[in-house]
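In this text, residue positions in the sequence shown follow the working numbering: the first is 3, and each later residue adds one.
Rather than coming from a laboratory, the hints here were simulated on the basis of the structure.
One or more of the hints may lead you astray.
Said to hold, decoys possible - Straight-line C-alpha distance at most 25 Å; calculated SDA-like pairs for lysine to any residue:
| hint | residue 1 | residue 2 |
| --- | --- | --- |
| 1 | Lys137 | Arg87 |
| 2 | Lys137 | Pro163 |
| 3 | Lys21 | Thr74 |
| 4 | Lys137 | Ala105 |
| 5 | Lys21 | Ala105 |
| 6 | Lys21 | Leu164 |
| 7 | Lys137 | Leu164 |
| 8 | Lys21 | Ala118 |
| 9 | Lys137 | Leu179 |
| 10 | Lys21 | Leu37 |
| 11 | Lys21 | Arg87 |
| 12 | Lys21 | Val83 |
| 13 | Lys137 | Ser166 |
| 14 | Lys137 | Thr160 |
| 15 | Lys21 | Asp181 |
| 16 | Lys137 | Gly174 |
| 17 | Lys21 | Arg117 |
Stated by the list, open to error - Label-pair ranges, simulated between beta-carbon atoms:
| hint | residue 1 | residue 2 | range |
| --- | --- | --- | --- |
| 18 | Pro65 | Arg138 | 27 to 35 Å |
| 19 | Glu24 | Arg85 | 35 to 43 Å |
| 20 | Ala110 | Ala5 | 34 to 42 Å |
| 21 | Asp12 | Pro68 | 14 to 22 Å |
| 22 | Glu111 | Asp181 | 18 to 26 Å |
| 23 | Pro23 | Val67 | 28 to 36 Å |
| 24 | Lys137 | Ser6 | 39 to 47 Å |
| 25 | Ile25 | Arg150 | 18 to 26 Å |
No residue lacks a Cβ here, since even glycine has one placed at the ideal position from N, Cα and C.
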Amino acid sequence: PDASFVYLGDTARYPYGNKSPEIVARYARENAEFLLAHGATSIVIACNTASAVATEALRTAYPRVPVFEVITPAVEDAFRVSRGRIGVIGTRATIASGAYQRALSVRAEVEVVTRACPLFVPLVEEGWLEDDETKRIVRRYLSSVRQRGVDTLILGCTHYPLLSPIIARFMGRRTRLIDSGQ
């Protein structure tokens, strides 16, 4: 509770979800160097894409600095509420990394359904949270996820919670949403 914070929002180079893992890892290292130079004693990676592709690189580069990411807590929350069928939606880079799939695979009884939803970020950036176009795109991306009967859906991008109301309505009451940022 007595910790002070140094915050860096990389607004010059985001969103990360459409960039290569190498670029995201480089940005994460540069961001960590900036934070550490400004007195940070631990690092929280609050981006799913950076968490998915750069966590281990940062832990290796800075072995004495605690590095926290958003994937592990989201998976733990999903395990707590799921009845066995967990969906994960995220950017192309997050889904392609396999980070959520690996984290969820520690429980053999869990079925994992993933779907990249790259247009969700620009929709949020434009503020199109309840527009008809957004509803159509949500339906297009998530129809296959809903058909697979997921009972829990991890929102694997920190932009996606802004679309929670429309996603929740489409998925139905039986699907619990997990906000990775929470």
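Hints and how they fare:
1. For the given pair, Lys137 sits about 24 Å from Arg87 by alpha-carbon distance, which is consistent with the 25 Å threshold.
2. Taken as a hint, the Lys137 and Pro163 pair is honoured in the structure, with Cα atoms around 15 Å apart against an allowance of 25 Å.
3. A threshold of 25 Å between alpha carbons decides the hint, and for Lys21 with Thr74 the separation of about 22 Å falls inside it, so the pair holds.
4. Our distance criterion of 25 Å between C-alpha atoms is broken by Lys137 and Ala105, whose separation comes to about 30 Å.
5. Distance hint between Lys21 and Ala105 is fulfilled; the C-alpha atoms sit about 22 Å from each other, no more than 25 Å.
6. Our distance criterion of 25 Å between C-alpha atoms is met by Lys21 and Leu164, whose separation comes to about 22 Å.
7. About 13 Å separates the Cα atoms of Lys137 and Leu164, which keeps this hinted pair within 25 Å; it holds.
8. About 14 Å separates the Cα atoms of Lys21 and Ala118, which keeps this hinted pair within 25 Å; it holds.
9. As the CA atoms of Lys137 and Leu179 are separated by approximately 17 Å, the hinted pair is consistent with the 25 Å bound.
10. With a C-alpha separation of about 22 Å, the suggested pairing of Lys21 with Leu37 holds against the 25 Å cut-off.
11. Only pairs whose Cα atoms come within 25 Å are accepted, and Lys21 paired with Arg87 is rejected, the gap being roughly 29 Å.
12. Distance restraint check for Lys21 and Val83: the Cα-Cα separation of roughly 32 Å exceeds the 25 Å cut-off, and the hinted pair is therefore not satisfied.
13. The straight-line distance between the Cα atoms of Lys137 and Ser166 is roughly 12 Å, inside the 25 Å bound, and the hint therefore holds.
14. The hinted pair formed by Lys137 and Thr160 meets the criterion: a straight-line CA distance of about 19 Å does not exceed 25 Å.
15. A distance of roughly 22 Å separates the Cα atoms of Lys21 and Asp181; the hinted pair therefore holds under the 25 Å criterion.
16. A C-alpha spacing of about 14 Å is found between Lys137 and Gly174, which places the hinted pair at or below 25 Å, so the restraint holds.
17. A C-alpha spacing of about 17 Å is found between Lys21 and Arg117, which places the hinted pair at or below 25 Å, so the restraint holds.
18. For the pair Pro65 and Arg138, the beta carbons lie near 47 Å from each other, so the given range of 27 to 35 Å is not met.
19. About 38 Å separates the C-beta atoms of Glu24 and Arg85, a value consistent with the hinted range of 35 to 43 Å.
20. For the hinted restraint 34 to 42 Å between Ala110 and Ala5, the CB-CB distance of approximately 38 Å keeps it satisfied.
21. A hinted range of 14 to 22 Å holds for the C-beta pair Asp12 and Pro68, which are about 20 Å apart.
22. Look at Glu111 against Asp181: about 24 Å separates their beta carbons, and that is inside 18 to 26 Å.
23. Judged by the Cβ atoms, the range 28 to 36 Å given for Pro23 and Val67 is violated: they are separated by roughly 21 Å.
24. Separation of Lys137 from Ser6 is about 42 Å and conforms to the stated range, judged on CB atoms against 39 to 47 Å.
25. Taken as a hint, the range 18 to 26 Å is violated for the pair Ile25 and Arg150, whose Cβ atoms sit roughly 32 Å apart.
In this structure, the hints that do not hold are numbers 4, 11, 12, 18, 23, 25, in rising order.
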